[in-house]
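Protein sequence lines, in the order shown, are assigned to chains A and B. The first sequence begins at -2 in our numbering and counts up one residue at a time. The second sequence begins at 17 in our numbering and counts up one residue at a time.
There are no misleading hints in this set.
Far from chain B, by Cβ distances over 10 Å, these chain A residues were calculated:
1. 29
2. 85
3. 88
4. 91
5. 112
6. 129
7. 150
8. 171
9. 205
10. 212
11. 217
To list a few chain B residues with every Cβ distance to chain A over 10 Å, as calculated:
12. 45
13. 189
14. 252
15. 292
16. 300
17. 377
If we take Cβ atoms under 7 Å as the criterion, some of the chain A residues that face chain B in the derived model are:
18. 189
19. 190
20. 191
21. 192
22. 193
23. 195
24. 196
25. 199
26. 200
27. 249
28. 250
It should be emphasised that the hints constitute simulated quantities derived from the structure, not laboratory data. C-beta: ideal position from N, C-alpha, C; glycine also.
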Amino acid sequence: MTINIAVCIKQVPNTNQVKIDKKTGTLIRKGIKTICNPDDKNAMEEALKLKDKYDDVKITVISMGPSQATEIIKEALAMGADRGILLSDRKFAGSDTLATSTILATALRKIQEKEGLDIIFCGRQAIDGDTAQVGPQIAQHLDLPIISYVQELKYLGEKVQVKRALENGYMQIEAQIPVVLTTISDLNKPRYPHMRRIFDVFGKNPVIPVETWTADDLPDLDNTQIGLNGSPTRVIKTYTPDRTFKGEILEGETAHVAHILIESLKQKQIL
Amino acid sequence: MDFSLTEQEIMVQKVMRDFTENEIEPIAAEIDETEEFPQKTLEKMQKLGISSLPLPKKYGGSGGNYLAYYLAIEEVAKKCATSSVVLAGSASLCGWPILTFGTEVQKEKYLRPIAEGKIAGGFALTEPGAGSDASMQRTVAELKGDHYIMNGSKCFITGAGVFDVFIIIAMTDKSKKTRGLSAFIVDANTPGFIIGKIENKMGIRGSATGELIFQDMKIPKENLLGKEGEGFHIAMKTLDGGRIAIAAQAVGIAQGAMDAAIQYIHERVQFGRKLKDFQGLQWYIAEMETEINAARNLYYHAAYLKEHGKPYSKESAMAKFFASKTAVFVTNKAVQLHGGYGYMKDYPVERMMRDAKITEIYEGTSEVQKMVIAAHTIKPKL
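Take the sequences, apply the hints, and build the full model.
Okay, structure coming up:
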């Protein structure tokens, strides 16, 4: 019997380069490289590990975003996913986490009704918003059990056994399938895409093209629940906090700087 | 004229950049120091279809194009020249000649496992007395019934004692000089196949370069690649393609040294200024950058010609000649920009400078490249 897996992924700005426009308080996205959210890659890898282990596993990767997000879907297909779906529509723009999870859940339900879904993987949280809300919200919409912070997973057919990370340890939890799992980086090391699949997936005539679903493909969507209007939360202001305690920047030769650093740490009795 | 890379090529480059940073760079200094062949790296590259990038899917390869393969070599060479040699060998020096000149049976038996990453292959032409002058080959293969009996030796062979199969060039008819040379596909575990001295080298120290000795080695007749007497032609055609790979490798080494130098001159302060602010040093950077870009465009162009089925012997020789000169120049300057620290093994430019030199020597010295270039340029009058 086929194990049907969905992996939700998000395109995010590369963290090292995030800058905030001081005037508008929004992220400067122009010229910023985007990547697949790191936790989502762990989600993808865990799905692929199941595919390695069991004969009949189908992985559908799904993302909501502008057309550029196709890129990370292709990357996931190159890693080994079987199907890629981009949820993209002007109506989706401005969605907060609740509206986003509404849209994703509606798409996932459509897949579930057609071919069934056993496990839905999400990354724990995205590095741009850091909310960690979308995974649990999807579970809520679909009325499924959720285990977040998955650091170890055992698939046991009818159920999953999971180690859920805590600050100083872990909980061991079992849940019936279907289930939503959110993954953390301790879970695995994401694989690199295979070169053959890069040539299958990217380029002008891909063997596995990415499907795009718009609002029209999701007739169950309630227009009042999506996009900016369907979002109960709004970002009022994003800013870089002014640091009250300014750090001192030491310049000069490494050896000299190290010397000054050691001296001042000694003075402060840290060393 | 379109200079842009395809979506696929860009992705290969991106994945190779990640792969190199995570899997190769951390062990680059170590394998140089210990001379250990990067077997695990090779296995990872085989598993991901990197080592079979340009080989057709039909035989289990990745079905990519040659430029993508050269881009992968460049990325790896930026951090570790040894690992890039390992990558450059199998597909271009062993896979390609079997693909181009082999029978269907040979392709199934040897190309497929190479393409699927199950085995690695090498190429053995050079002998102690026959470097650039291949007509002086002393390795002899004599047909006896359904077997050839091979005797002789090869030197400076990459992957000696490591690779599973080699294309070996040997004399089948001495009277015909280079037209008496033939190419054979030989399993490294054939009785009489002996691994001789493994060399202690200046650079690319982990690449397992050594001597192969053949003592009454029985090679099945069906392992003759192409026809008898085609060995020289096969070797020269194989090297034409191999040279683009070496050019890509040389560009990678140069770029890696350049990246390290740029980082260093941003940090190092002398006379109250960062090194990057000294005009005299900026001029070095300008020269290095220009040469690297010129070299890269030469190998891109040669790859383009190869991809489009056009003649590329001259262009691949020019790419290798210029790119290897660039690698030597740029790594030398990168060490200079690092001053005393550049001479120390704590910084990667010291290794890069040693690694760069081989690109002016193997798969045809720069002098041989010039012979090729001149011959194509001067041509007999029509």
